[in-house]
Structures are given as structure tokens and as C-alpha cells.
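Chemist: One line per chain: the protein sequences are H and F, in this order.
Residues 1 to 516 (full-length UniProt numbering) are what the first sequence spells out, left to right.
Residues 1 to 278 (full-length UniProt numbering) are what the second sequence spells out, left to right.
Please note that a few of the clues may not be correct.
To be verified - Each pair of labels, with its calculated beta carbon distance range:
# : chain 1 : residue 1 : chain 2 : residue 2 : range
1 : F       : Pro31     : H       : Glu395    : 46 to 52 Å
2 : H       : Lys514    : F       : Pro31     : 36 to 42 Å
3 : F       : Phe116    : H       : Arg116    : 44 to 50 Å
4 : F       : Gly53     : H       : Thr255    : 27 to 33 Å
5 : H       : Gln399    : F       : Glu108    : 55 to 61 Å
6 : H       : Cys261    : F       : Gly53     : 49 to 55 Å
7 : F       : Phe123    : H       : Pro34     : 49 to 55 Å
8 : F       : Phe116    : H       : Val231    : 49 to 55 Å
What the hints assert, rightly or not - For lysine-lysine, the following DSSO-like pairs were computed, each having C-alpha atoms within a straight-line distance of at most 27 Å:
#  : chain 1 : residue 1 : chain 2 : residue 2
9  : H       : Lys341    : F       : Lys164
10 : F       : Lys40     : H       : Lys339
11 : H       : Lys195    : H       : Lys75
12 : F       : Lys40     : H       : Lys313
13 : H       : Lys265    : H       : Lys313
Unchecked claim - Just some of the chain F residues that point at chain H, by a computed CB distance under 10 Å:
#  : residue
14 : Trp39
15 : Pro45
16 : Ala232
17 : Ile237
None of these hints come from the bench; they were simulated from the model.
We treat Cβ as the ideally placed atom computed from N, Cα and C, and that holds for glycine.
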Amino acid sequence: MNFLKTTTFLIAAGLATPLLAQDAGGRIDIVVQPEPPSLMLGLVQNGPTQLVAGDIYESLLRYNTDLEPQPSLAKSWEISEDGLTYTFHLQDGVKWHDGEPFTSADVVFSADVFLRETHARMRSSLAYVDSIEAPDDQTVVFKLKTPFGPFIGVFEAGTMPMIPKHIYEGTDYANNPMNATPIGTGPFKFESWEKGSYIHLVKNEDYYLEGKPHLDEVYYRVIPDAASRAVAFETGEVDVLPGGSVENWDVQRLTELDNTCSTGKGWEFFAPHAFMWLNNREGPTADVRFRQAVMYAMDREFVKDVVWNGFGKVATGPVSSKTNFYSDDVTQYDYNPEKAKELLAEMGYDGTPVSILPLPYGETWQRWAEAVRQNLQEVGITVDIDSADVAGWNEKTSQWDYDMAFTYLYQYGDPALGVSRNYVESQIEKGSPWNNVEGYRNPEMDAKWAAAAVSPSPDERTKIYSEIQKEIVDDVPVAWLLEIEFPTIYNCNVQDLVTTGIGVSDGLRDAWIKQE
Amino acid sequence: MTLWKRFATNRGAVIGLIILLCVIAIALLAPVIYPGGPWKMVQRPFLVPFTNGDLPLGTDTLGRDVAAGLVHGARVSLLVGLVSTVMALLIGVPLGALAGFYGGYVDEGAMRFTEFFQTIPNFALAIVLVAILEPTLGSITLAIAIVSWPPVARLVRAEVMSLKRREFVEAAHLAGLSNTRILVSEVLPNAISPIIVMASLMVATAILLESSLSFLGLGDPNIMSWGYMIGAARTVIRSAWWLSFMPGVAILLTVLALNLIGEGLNDAFNPHLKKGRT
């Protein structure tokens with residue numbers, strides 16, 4: 001009897017194993033919104049481009065949802081004690097989609113030649129780099145001029161995509177005809193692009209990881225209207241709605257459908273941080289007590305629950321809780337209208353009207369501005385909403401013609417990459433809506449931001465960034481609102497879709513479809 | 001029969017008038033009924049109508065009282081409708097009268113100018129104007145007035161042209177009255193009835209135009225209007241249809257009332273027409 005039992009158990013175990021394994025094959029349809037202008041990730045790095053091109057191109061590393069570096073094209077790496085030398089050992093047997101071998105020469109070309117010319121954000125990190133060398137085909141060494149802690153965070157596909165040297169060397173990068181048929185090392189190859197309809201990728205049979213990718217093909221579908229995208233998901237025409245592709249108000253209805261899963265993960269690396277620029281130069285917003293009153297007057301939990309359907313987290317300060325070096329040891333601005341009124345009375349606010357400029361990105365942002373206006377009116381601030389289209393918003397913010405303006409910025413995992421730019425004086429520059437638009441000046445703080453960026457010791461960095469956060473939160477240079485999470489909605493049969501801090505944008509390497 | 005009696009024989013017109021008077025009363029009393037204003041977030045969002053006694057029409061996407069929105073929205077709709085119609089009349093009537101009365105080059109010039117506006121689709125022109133001027137209550141009213149005066153000018157011109165050949169006008173000429181005096185005190189008063197009928201319909205059109213602009217997000221973001229309510233509810237129409245339905249009904253009723261009144265006025269001013277039809 002015992003024998004029989006054991007056998008049954010063994011058979012059952014033998015049968016169970018393939019069921020637990022990931023099923024290979026299948027096709028997945030994903031919405032991409034809006035249609036990307038190009039798939040050449042070395043030239044264009046906006047969201048839609050990276051969503052699609054993240055399957056075609058790769059970088060040396062990936063980052064998990066805790067932003068720890070993981071192997072990608074580099075199988076291992078070392079950082080020297082002094083924080084100046086980064087050595088990467090590349091995977092064996094990696095081939096470009098056209099069959100050419102991928103070597104360290106491609107890495108040097110991509111980082112030192114191609115991206116230095118085409119990629120502004122990468123260029124500012126490369127300013128810390130002294131030399132990039134390839135001692136042999138499988139090894140790359142980055143030597144830095146000074147320690148730069150966030151450097152380990154730049155080896156992500158949208159920041160440092162690997163570009164094939166044999167195709168681009170010596171050509172006019174922007175006009176290379178191969179831009180239309182991108183060649184990368186990624187798990188999927190470019191097959192065809194029907195403009196206005198779909199982008200078709202197929203499995204890279206020669207991918208260097210055994211058994212991956214699991215999927216046979218991927219269709220990125222272009223559907224211009226938000227309501228139609230929701231319907232396409234309901235009818236099963238698409239399997240995945242990446243973050244931001246349907247209106248927030250539709251999220252709840254869609255997630256209640258049968259066999260529908262959703263996740264707010266996959267935005268840890270970008271960590272979109274929403275806030276209002278408060279014009280520090282003039283008007284009531286120039287007074288720190290007014291700015292603090294604004295923080296106390298807003299019911300940010302309400303907005304999170306109602307406007308964002310509970311997704312996201314109320315921001316406590318300039319650094320997102322998903323970003324490295326976050327500290328919550330700061331003044332907490334809970335909803336407290338009484339305190340706001342006291343602060344206004346103390347400064348002697350005389351009812352000077354202030355205006356709110358919403359982000360022209362659809363209904364969600366309009367409703368958000370309306371909720372803030374109501375909150376501010378209830379503590380006695382005279383406030384109205386300005387209206388502007390995208391061009392008008394760019395014009396008004398970059399020319400500093402506003403009192404309070406909604407925006408959100410990506411943090412890229414490290415305060416030195418995505419946070420300090422909005423608070424240091426050197427980034428006050430009329431004409432750009434991507435920097436210190438509020439006009440906050442604090443030379444003492446500038447020195448700390450600079451020191452934290454180049455400190456070789458993580459402990460030292462943690463200490464300085466904690467100090468910065470504690471101080472700046474009391475100054476309220478901008479009104480922090482929400483750590484945005486754009487929920488990804490998908491068919492539950494799709495497994496392992498969001499496994500990294502970049503989410504769907506590099507999720508398809510590991511994704512597979514459960515066969516029923 | 002007096003004008004009122006002739007108007008009252010049209011039952012539809014009387015119903016229209018009652019509805020309109022109700023809407024006007026609600027609009028006037030809005031600050032009394034809902035002193036907190038239409039933007040106040042009073043309850044949880046998406047409250048279904050008729051489930052909460054204090055909030056008979058439920059709440060919208062931010063938990064604002066839909067009934068308060070409708071009541072305050074009535075003010076905007078009526079105000080925009082009336083003011084823009086008055087402005088359109090102020091442009092259209094003098095232009096049409098001059099063109100019709102003097103003829104010749106004046107007529108040619110005025111009519112080419114009018115046609116210039118008539119060749120551009122109304123709504124498209126209104127969108128462009130509001131987008132250029134930035135959406136405020138004033139610019140929206142102005143834009144609606146600018147797109148609605150050409151038909152007035154043409155109507156007045158036609159009336160004046162037919163009236164100026166009548167005997168009483170010739171008599172006035174013989175009596176030595178000045179052209180201006182004849183136009184203002186003899187011709188125009190006799191052209192007033194079709195203008196009134198047209199004006200009542202123009203108010204209805206203006207309300208629709210304002211709603212359409214707000215629906216497209218080109219409304220004044222600081223003013224609650226029916227069109228804004230529909231536009232804001234459009235994204236949730238699948239899950240909360242009543243949010244667009246309620247203001248839609250309000251617009252329908254008001255516009256219908258104005259059309260019925262226009263019809264009634266038309267009958268009252270032209271009794272012969274009415275008799276011929278029945």
C-alpha cells in the first residue's frame with residue numbers, strides 16, 4: 001500500500017511539474033498610446049517609444065521594484081572601493097537581431113559616441129565620466145572623474161540603450177534609414193509597423209537566455225480614443241492596458257470585469273511625482289506661510305481616493321517613497337483647514353486672487369484642479385482656474401506666468417537624477433518647463449544637493465538627503481501632491497507581466513500566457 | 001383680440017412660457033437655494049439619484065451635488081443666451097436696417113460683410129474665437145454673439161426693404177421727415193415682430209452653443225454650466241449615465257420652452273397665417 005501511495009505521489013508530481021512551468025507560445029496585444037513617433041530608442045525616449053522599443057533594445061542592467069540592479073546584458077559587475085571604476089562583464093553569445101555578435105565595442109560606441117550626441121539626460125550623467133574602455137570583447141570599464149552615486153542607476157534601456165555599432169558608426173544618426181527597422185539585442189524583433197494601426201514584434205529565436213521569451217509575437221495596438229481602448233479590452237481584443245491608457249474613472253469598472261487583474265507596480269523607477277509649482281517670485285505664493293497654508297488646506301487623501309481611485313500615495317516631500325534616499329522624517333501636512341486659516345491670518349493675506357493652471361492632460365487633471373480650488377476657497381483663498389492647451393501650458397510655465405501650476409516629473413530612481421533639478425538655483429532657466437520653474441533659491445541647500453550627488457558613501461548620501469528633505473519640506477517651494485501610480489490593467493492569463501521597476505516597458509522578456 | 005389672447009390660444013406656447021418662468025425663477029433663486037455654490041464637495045462621489053433625501057439628484061465624479069450644479073448652471077445658460085442675443089441684435093439690426101433702407105453701395109458693402117461671416121460654419125468660428133480669447137464667460141458670450149448676428153441682419157434688411165416702399169413711408173417722406181427719423185420711428189417699429197420671434201429662437205440656439213463649447217472643454221473653468229456638467233460626465237457615461245442625463249434634460253426643456261414660445265409669438269404676431277393654417 002505504501003509503495004502504491006509513493007508511486008501515485010511520484011506520478012502526480014511528475015504530471016504537476018509541466019503545469020507549474022511557464023507555458024510557451026501565444027500572442028499578446030497591448031495598447032500603445034499615443035502612437036510613438038519612432039522606435040529608435042537611442043534617438044527618442046518618450047513613454048510610448050520605450051514601451052515598444054523596450055522589447056527590442058536592452059541595456060547592461062535592469063532594476064527590480066526596489067530599484068536594485070539586476071543582470072541584463074551584463075551578467076555581473078563590480079564597483080571599486082573609491083566609487084570611481086565600474087566594471088561590467090557581458091553575457092556570452094549575445095547576438096544582434098541581424099546575426100552580428102554583440103561585444104564590448106558596441107557598449108563603448110553606444111555610451112561614448114552615440115548617446116553622448118543624441119541623449120540629453122544621458123549626457124548630463126556622462127559629464128561625470130572620464131573614460132569608457134573595453135579591455136576585451138566581454139568587458140567594459142567606466143572610469144569616473146568624481147564619485148557619482150546615482151551612476152549605477154543609468155544602465156536602463158531608456159537611459160543607456162545599446163546601439164549596434166556596425167549599423168550606426170560614421171552615419172548621420174537621425175537620418176539613418178535603419179531607424180525604421182530597429183535592430184537591438186532584446187527578446188523581440190521588429191517585424192512590421194502599420195501606421196495608425198499596430199506595431200508587430202516577433203520572438204527573437206536566438207535570445208541569449210535559454211527558453212526566453214515565452215511569447216511568440218506581440219502586437220502593440222494604436223487606438224486613438226480612450227473609450228474605444230476600454231471597449232477593446234472588454235471585448236478581449238487587447239490583453240493589456242498599460243498605465244494611463246484609459247481614463248481613471250474607467251479603471252474601477254474595468255478591474256471589476258471577469259478575469260481582469262491590475263497592478264500599480266512597475267512605476268518605481270520613473271516614480272512620477274505630482275506637485276504644483278508655486279510661484280516663489282511674486283504674489284501671495286512668494287510668502288512661505290501662504291505656501292504652507294496651501295499644503296494644509298488640501299485634502300490630498302480625498303483626491304487620491306476619488307480622482308485616482310485609490311491608486312498612488314500622498315507625497316510627503318520632494319522625494320518619492322519609491323526613490324532611493326527617501327526619508328519620511330519631515331513635517332507632515334495633513335488636511336487641516338484650521339491650521340491653514342491661522343497661517344493665512346498670520347501673514348495677513350488680503351484676498352489677492354491666485355490662479356491655478358491645470359495640466360491639459362484630460363479630465364483627471366481638470367477634476368483635480370477643481371478639487372484643489374474648492375479646498376483653497378474653503379480656507380478663504382480667492383482662487384480661479386486658468387485654462388490652457390498643451391502649448392499654452394508650456395508657454396505659461398516656462399515664462400513663469402502663473403501662480404500655481406500642476407505638473408509631474410519622473411525621478412529616475414535617484415534624487416540626483418530626477419529630483420534636485422527642480423530645486424537648485426542653477427536650474428532656474430526661463431523657457432523650459434522641466435526645471436526649477438517655481439524659482440526657489442536656497443544656496444545652502446544647493447551646496448547640499450551637490451555634495452550628496454558626488455559623495456562616494458551611500459551612508460553619507462542618506463544623511464545629506466535626509467537633511468535636505470527635512471529642511472525643504474518646511475520651505476514648501478512647491479506643493480507636493482501625489483506619488484502617481486498608473487495602474488496596468490491586464491487579462492489575468494498573462495503572467496509575470498510586471499516584474500521590474502519599469503513595468504510593462506521591459507516586462508515581455510519574462511511574460512507568458514497561461515494556457516487554459 | 002389682444003396679443004396675449006392670441007398667444008394664449010397656442011397651448012404649447014403657454015406650457016413653454018411656464019417652463020421658462022420656472023427656469024428663470026430657479027436661476028434667480030440659486031444663491032438662496034444653494035448658498036454653498038455648485039462646486040462644494042458634499043458627499044461621496046457617484047451617489048445615485050433619489051437615494052439620499054438631501055441630495056435628490058445624487059453627486060458627480062467629485063461628490064458635488066448635481067442639483068446644485070443644475071440650479072447654478074441655469075444662471076449661466078440663461079445669462080449667456082440673453083446677453084449674446086442682445087449683442088447679436090445690436091450688431092444685426094442696425095446693419096440690416098441701413099442696408100435695406102439705403103440700398104446701393106451701403107447694401108452691397110453690408111451684405112458682403114455679412115456673407116463673409118455666413119460662409120464660416122457657426123460652431124467652428126465660435127470655437128476658434130473662444131480658443132483665441134481664452135475661455136471666460138465674456139469671451140464665450142461675445143463669440144456666440146459674433147456667430148449669430150448675420151441671420152438677424154438679413155432678416156431686418158428684407159423687412160426694411162419691403163416696408164420702405166409702403167405708402168405710410170412715402171407719406172412720411174412727403175411730410176418732410178428725415179431719413180433717420182423715418183427709419184427709426186416709422187420703419188423699424190413695424191419690423192419688430194419677426195425680430196422678436198427670431199430673438200426667442202436665438203436665445204435657444206445660444207444656450208445650445210454655450211453647452212457645446214463647455215462640453216468640448218472650452219467653457220469658463222470657473223463657472224458651472226450645463227454643458228460643462230455633460231462634458232465632465234461623458235467619461236463616466238457607462239457607469240453613471242444620470243450625470244449626463246440630468247443636465248441634458250435641463251437643456252432640452254429650456255430650449256424646447258424657448259422654441260414653443262417663439263412659435264406662439266409667431267402665431268400671435270401673424271394672426272392671418274394662423275387662420276390659414278388651421
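Chemist: Okay, which hints does this one fail, numbers in order?
Modeler: 1, 2, 3, 5, 6, 7, 8, 9 and 11
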